[in-house]
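Trainee: Next come the chains, spelled out residue by residue.
2 protein chains.
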Amino acid sequence: MRNFKMLLAYDGTRYRGWQRLGNSPDTIQGKLEQTLSRILEQPIAIHGSGRTDAGAHAAGQVASFHADTTRSCRELTALLRQYLPEDIGVLEITEVPLRFHARLTATGKTYVYRVWNSRVPNVFERRYLYQLGEPLDVEAMKRAAADFLGTHDFIAFCSNKHFKKSSVRTIMALTIETLGPEVRFTVTGDGFLYNMVRIMVGTLLEIGLHRRPADDIPAILASRSREQAGETAPARGLCLKEVYYP
Amino acid sequence: MRNFKMLLAYDGTRYRGWQRLGNSPDTIQGKLEQTLSRILEQPIAIHGSGRTDAGAHAAGQVASFHADTTRSCRELTALLRQYLPEDIGVLEITEVPLRFHARLTATGKTYVYRVWNSRVPNVFERRYLYQLGEPLDVEAMKRAAADFLGTHDFIAFCSNKHFKKSSVRTIMALTIETLGPEVRFTVTGDGFLYNMVRIMVGTLLEIGLHRRPADDIPAILASRSREQAGETAPARGLCLKEVYYP
Chain A
337 MRNFKMLLAY
347 DGTRYRGWQR
357 LGNSPDTIQG
367 KLEQTLSRIL
377 EQPIAIHGSG
387 RTDAGAHAAG
397 QVASFHADTT
407 RSCRELTALL
417 RQYLPEDIGV
427 LEITEVPLRF
437 HARLTATGKT
447 YVYRVWNSRV
457 PNVFERRYLY
467 QLGEPLDVEA
477 MKRAAADFLG
487 THDFIAFCSN
497 KHFKKSSVRT
507 IMALTIETLG
517 PEVRFTVTGD
527 GFLYNMVRIM
537 VGTLLEIGLH
547 RRPADDIPAI
557 LASRSREQAG
567 ETAPARGLCL
577 KEVYYP
Chain B
337 MRNFKMLLAY
347 DGTRYRGWQR
357 LGNSPDTIQG
367 KLEQTLSRIL
377 EQPIAIHGSG
387 RTDAGAHAAG
397 QVASFHADTT
407 RSCRELTALL
417 RQYLPEDIGV
427 LEITEVPLRF
437 HARLTATGKT
447 YVYRVWNSRV
457 PNVFERRYLY
467 QLGEPLDVEA
477 MKRAAADFLG
487 THDFIAFCSN
497 KHFKKSSVRT
507 IMALTIETLG
517 PEVRFTVTGD
527 GFLYNMVRIM
537 VGTLLEIGLH
547 RRPADDIPAI
557 LASRSREQAG
567 ETAPARGLCL
577 KEVYYP
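Residue numbers (this note's numbering), protein chains in the order written: chain A, 337 to 582; chain B, 337 to 582.
Just so you know, not all the hints are guaranteed correct.
Copies of the same chain are indistinguishable here, so a pair counts whether it falls within one copy or spans any two.
[What the hints assert, rightly or not] Calculated pairs, SDA-like style, for lysine to any residue (alpha carbon to alpha carbon, straight line, at most 20 Å):
hint	residue 1	residue 2
1	367	457
2	500	488
3	501	433
4	577	461
5	501	454
6	577	552
7	500	581
8	500	453
9	478	460
10	341	554
11	367	352
12	367	497
13	341	419
14	577	462
The hints are simulated quantities; they were obtained by calculation from the structure and are not laboratory data.
Values in this document were obtained by computation on a predicted structure and should not be read as measured data.
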């Protein structure tokens with residue numbers, strides 16, 4: 337038995353998210369498992385670094401799987417590229433120690449959220465942008481973003497009402513850049529709760545639209561109440577950029 | 337009666353090209369005419385600067401139309417943005433003199449053709465790239481490209497066998513850039529025959545793959561024979577970037 341690590345990019349537009357749903361091939365995990373199982377002629381279960389939402393994307397998702405095969409990483413890569421649809425791309429496959437597990441071994445992740453802040457539509461990148469015509473106060477959002485840094489209980493920024501494990505997470509960085517009409521949020525943390533990045537961005541956007549004050553974040557965190565935070569920003573703007581390992 | 341000039345961007349992937357086909361809305365022109373006619377409650381005929389092929393794109397297509405309306409350009413823009421699908425974008429509408437005609441007044445055009453020259457797939461821009469894994473000799477293509485410059489009879493680079501008008505065109509610039517794994521062709525001319533850019537690029541790619549010599553272009557032009565030129569490169573890599581007016 338050998339263990340393989342895959343680096344993946346995908347356009348999540350037409351998928352129901354990362355996580356397998358029965359035998360349906362309309363999830364990223366389902367499509368990858370189906371394709372790998374056919375290529376290797378054995379049932380393959382893959383472990384992603386984490387789930388991505390329906391409609392969200394990845395430029396650097398990591399997944400691992402065990403397989404009994406003599407095929408090289410290069411052969412596996414070529415075969416997967418041949419049989420996968422063009423919205424799922426294998427960037428690299430490497431062999432890793434048997435104990436490596438894409439989720440359990442991960443120490444952190446970086447997500448990017450892209451907002452197109454213009455009334456002039458962006459046709460070519462529309463699948464990867466949340467297009468918002470009303471002008472954003474980027475400086476107010478930057479001031480508010482600083483309050484997310486560090487270690488907090490993020491349960492107010494979690495869509496799962498029955499989350500039972502610890503909801504304490506550490507945010508190492510949250511930057512907001514303007515690139516022409518684009519406002520790009522980049523957030524790095526040791527882990528993220530369900531919908532956490534999208535609710536953080538949704539709340540920051542309400543601050544950027546002056547619908548809530550820029551100093552609102554500490555009170556929302558302290559409330560531990562989902563109702564106090566902003567709306568969940570649309571999935572299409574979200575992309576898992578990188579997963580970190582020791 | 338007033339005359340309007342529209343600047344348009346579109347992702348041509350799911351359309352049968354620019355040109356209207358009966359009353360079908362699966363062409364860019366058909367979709368625009370249908371939408372404008374409904375908004376303005378009168379039949380509107382629009383004139384594009386030229387046709388784009390099925391599956392090809394535009395970042396700066398220009399179209400003009402006459403209409404009997406009191407609506408401002410700003411109102412027309414907002415209404416079109418509201419009703420057009422998200423793969424057709426109105427960048428700008430301006431009012432122009434009645435004699436302006438998007439095709440007849442045009443003095444030149446720039447097209448971009450994008451090749452992704454890597455075996456590592458590009459998932460996010462796949463609709464706008466021709467992905468070609470075999471390595472290209474870019475220097476050989478650059479030497480060959482110089483032979484297209486100037487005024488020539490381009491009938492060998494035209495898919496229409498029954499073309500009756502003059503097939504003499506002037507190419508003002510043809511640059512080939514490498515941007516990471518991307519090889520980008522940018523060509524400016526006073527006009528282009530049917531499939532001309534795609535056949536020019538297809539021929540240059542055969543030179544880049546060492547399937548024909550780099551000094552082949554003058555003989556192909558002189559032959560005036562479509563059979564002597566290379567294959568027509570796929571439409572998905574082609575984008576009409578800009579149309580010039582006096």
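Trainee: When the hints from earlier in the document are held up against this structure, which numbers fail?
Mentor: When the structure is compared with the hints, numbers 3, 5, 6, 7, 8, 9, 10, 12 turn out to be violated.
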